[in-house]
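Visitor: Chain by chain, the residues:
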Amino acid sequence: MNFDWSVVWRNADALVEGTKLTILLAVTTMAIAIPGGIVLALMRLSGVRALSAASASFVELFRNLPLILVIYTAYYVMPVATGLSLPPIITGIVALALNVSAYNSETFRAGIASIRQGQSDAAFALGMSRWQATYEIVLPQAVRRVLPVLASTWVSLFKDTSLVSVISVGELAFTSMRIRSQTFRVLEMLTAMALIYWMLGYPQAKFVDWLNRRFGISE
Amino acid sequence: MELDFSPVLDSAQFLLHGLELTLALSALSMLCSLAAGGAIGLARCYGPQWLRWPLVFYIDSMRSIPVFVVLVWTYFALPIVTGVVLPPFWAALVALSAHIAAYVAEIVRAGVSSIRPGQTRAAFALGMSRAQTIREIVLPQALVRMLPAFGSILSITIKDTAIAAVIAVPEYMNRSQTVAGQSFHPIEIFMVAMVVYFLILFPVTRIVDMVYVRLAHLGRS
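Line by line, the protein sequences give chains A and B. My numbering puts the first residue of the first sequence at 1, with every later residue one more than the last. My numbering puts the first residue of the second sequence at 1, with every later residue one more than the last.
Everything labelled a hint here was simulated from the structure, so no lab data went into it. Accuracy of the hints is not assured; some may be wrong.
Here are the computed distance ranges between Cβ atoms for each label pair [said to hold, decoys possible]: (1) B:Gly47 <-> A:Gly83: 55 to 65 Å; (2) B:Ala110 <-> A:Phe184: 37 to 47 Å; (3) B:Ala131 <-> A:Ala125: 52 to 62 Å; (4) B:Ser152 <-> A:Val143: 22 to 32 Å; (5) A:Phe124 <-> B:Ser152: 33 to 43 Å; (6) A:Leu147 <-> B:Ala27: 30 to 40 Å; (7) B:Leu16 <-> A:Arg130: 52 to 62 Å; (8) B:Gly118 <-> A:Ser6: 52 to 62 Å; (9) A:Ala110 <-> B:Arg135: 33 to 43 Å; (10) B:Ala110 <-> A:Met128: 53 to 63 Å.
Glycine is no exception: its CB is placed at the ideal position from the N, C-alpha and C atoms.
Please build the complete structure, drawing on both the sequences and the hints.
Guide: Dropping the structure here:
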């Protein structure tokens with residue numbers, strides 16, 4: 001066995017570009033999925049039957065499908081449905097956003113539902129307006145409960161962006177796999193890919209643990 | 001848009017074999033993850049001090065690497081290191097188990113540490129040994145509390161087996177791709193795949209929740 005690790009340095013620029021795209025994918029998806037999740041959660045809690053059922057079906061559907069299947073389906077369905085030939089990165093973001101919005105919606109719903117009715121009742125009793133009760137009593141408490149869950153979803157999303165490589169979005173996984181097949185330095189490139197994900201993901205996982213200790217609710 | 005589902009029916013046998021493999025890979029991965037993750041989690045809680053940091057390092061590393069990366073590394077790179085070439089199915093089983101075991105270990109740790117120390121102290125006060133306390137007092141309560149989390153792990157495992165399609169495990173996702181490529185009806189094939197996965201995954205979460213509601217009182221202390 002002889003290994004040639006220089007292949008990693010020679011392709012460092014491509015790997016950096018891939019890493020940037022991975023981060024961009026995660027940031028863009030989250031930027032869509034947070035408002036998306038809020039809208040879905042509000043629909044679910046609206047009390048309007050049709051809205052609530054539509055939101056529940058959407059959430060249950062996307063929470064119960066493998067993401068890789070959603071990505072492939074989006075890849076084939078979106079050009080037919082929209083009549084446009086969309087670049088794979090758009091398809092990838094749509095698939096990721098559908099998935100993460102469903103998870104975020106459940107996070108927000110649970111966060112709001114976890115604040116007891118008594119909290120807003122007490123605020124009203126103190127003479128607060130509805131607006132004051134929501135913004136000064138309910139939301140600050142809900143945010144503390146939502147934040148750690150949102151952070152875990154972010155870490156999952158960051159890892160899940162690797163799946164859009166199957167529709168040739170040139171992010172970190174795709175770039176590493178491409179260099180691997182061009183240079184035949186399989187072990188070197190795949191190990192480099194794993195290490196880059198590890199370097200980016202490890203601090204995130206540790207940060208989420210810290211958030212959970214800091215804000216988490218214990219019995 | 002005209003939908004034509006005949007390619008699905010034409011390849012029904014082929015797809016069903018894929019579905020069998022999906023279920024087999026899910027079941028085996030779940031069993032191996034539970035065994036390995038249970039051992040890692042318990043060793044982290046009760047094992048010798050020197051063993052703890054390598055276990056924590058393993059758990060946190062697996063939690064920070066995408067399962068896709070673990071799968072392709074196990075299939076393409078591991079044979080170069082070990083000299084042993086695993087067929088795709090077994091490579092997928094090893095990779096999925098190694099990955100999911102880390103999550104199981106975290107659940108075991110959280111479950112065990114959620115049992116109040118008073119329980120252990122009471123057991124010691126009654127003259128129980130350490131092993132007896134763990135086996136008869138802590139674990140029975142902790143297991144019930146871990147149940148919902150194991151339910152989500154089962155559903156995650158089934159979803160992750162679809163990623164094994166990228167290393168050519170001929171499971172349902174992979175076979176759907178094959179049929180989609182041959183029949184020129186990818187939309188119908190993938191729509192059917194969505195229905196199939198949903199019909200497997202939706203009841204899993206529901207059944208686990210139902211079982212938990214029945215058993216939740218046993219985990220209270």
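Visitor: Taking the numbered hints from earlier one at a time, note which ones the structure violates and give those numbers from smallest to largest.
Guide: The structure conflicts with hint 10 only, although it agrees with all the remaining ones.
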